[in-house]
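Each chain, written out:
2 protein chains.
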Amino acid sequence: MHLNSQQIDELTLKERIHLINSITGIKPANLIGTVDNAGQTNLSVFSSVIHLGSNPALIGFILRPPGEVPRHTYENIKETGYYTINHIHPDFAQQAHLTSAKYAKNESEFDACDIQEQFLDNFIAPFVKESQIKYGLEFVEEIEIKHNQTRLIVGEIKEIILDIHPQTTDGGLDLEACQSVGISGLNSYYKFKRIATYEQPR
Amino acid sequence: MHLNSQQIDELTLKERIHLINSITGIKPANLIGTVDNAGQTNLSVFSSVIHLGSNPALIGFILRPPGEVPRHTYENIKETGYYTINHIHPDFAQQAHLTSAKYAKNESEFDACDIQEQFLDNFIAPFVKESQIKYGLEFVEEIEIKHNQTRLIVGEIKEIILDIHPQTTDGGLDLEACQSVGISGLNSYYKFKRIATYEQPR
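Protein chains in written order, with the working numbering: chain Y, 5 to 206; chain Z, 5 to 206.
For identical chains, the list gives no copy identity; a pair is met inside one copy or between any two copies.
Computed list of lysine-lysine pairs in DSBU-like fashion (alpha-carbon distance at most 35 Å, straight line):
no., residue 1, residue 2
1, 18, 162
2, 162, 150
3, 197, 162
Because the hints were derived from the structure by calculation, they are not lab data. For clarity, every value in this text was computed on a predicted model and none was experimentally measured.
Given the sequences, and given the hints that come with them, work out the whole structure.
So, in structure tokens, the structure goes:
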């Protein structure tokens with residue numbers, strides 16, 4: 005099947021959304037935890053978390069344009085300056101997915117989706133207790149993608165909690181052993197099987 | 005294991021690179037194909053391809069700061085305005101990984117890594133023949149992440165070639181059936197097993 009520019013334009017909105025959302029390949033499945041200054045927590049699934057650099061340790065994620073839909077995650081990050089990113093595992097993937105429904109600002113997805121909060125003494129944002137790989141970030145930069153008004157939110161890692169940390173032979177986390185989860189499109193979840201760790205080519 | 009900000013700073017560079025590169029979870033494994041105005045092709049593996057929007061169909065990827073290492077992909081995109089993104093599959097994952105070695109500007113990774121070029125009549129950049137899911141993009145925007153000088157390169161999809169297009173029940177590509185591949189850290193490759201497709205929650 006070959007679609008040129010005109011044929012891509014002629015796809016129905018539903019066809020286009022599902023195809024374009026899955027055409028980049030696998031996406032990491034993460035929950036982002038935030039809190040407002042009044043103590044109201046929020047939790048939401050994101051498939052757009054991306055590595056931006058290791059030194060400093062910078063991580064990004066994509067937000068749809070402010071104003072298009074409620075943006076409790078965005079508002080809380082701007083209000084407090086902190087948030088957490090938490091890996092999703094198969095045993096709570098369905099609950100994690102439910103955080104993508106619309107909830108009122110005064111309702112916490114932790115309660116609504118039966119997910120447990122975990123706090124560190126000196127870090128305001130809530131972690132996900134069930135997650136075995138999680139980290140806390142300080143907001144550093146918001147960047148607008150002018151062509152469609154989405155935002156890249158950039159944060160620096162300040163705290164790392166690894167309940168398990170199996171490594172591959174190259175020193176990275178073994179995501180099969182970690183039982184981390186990926187997403188394709190909007191609603192499909194995958195687990196991983198490691199096929200190889202190659203040498204760094206010269 | 006809990007690392008605070010100071011302990012993260014005290015990691016060796018190698019430990020930090022491998023941990024921070026794998027802490028976002030799974031990353032999609034793609035080859036980006038380009039050509040310069042003289043017809044010299046280039047191919048390079050990227051794990052930072054990200055969905056930015058479906059209408060228009062915008063895809064991004066991250067480049068390290070210009071000047072830090074040779075940037076043939078970047079130079080070619082700026083020179084011609086076009087590039088391709090091609091899914092990696094298990095049967096050529098090792099060859100694809102070899103494109104991350106350093107090659108001279110006048111040497112094509114297609115030849116050096118034994119990967120075949122494929123061209124469309126009206127699109128200048130080379131596709132990967134072995135890839136079953138691939139698309140051609142027009143460059144639209146370059147955005148600097150000020151905190152570490154990396155670049156987000158944004159393109160709009162103009163051509164889509166799907167040699168296979170199995171769908172999940174939600175209408176997206178089934179990445180297990182597609183035999184697409186993911187990366188963790190720098191050198192580890194994974195295949196996928198779909199665990200569930202959930203309803204869109206209300």
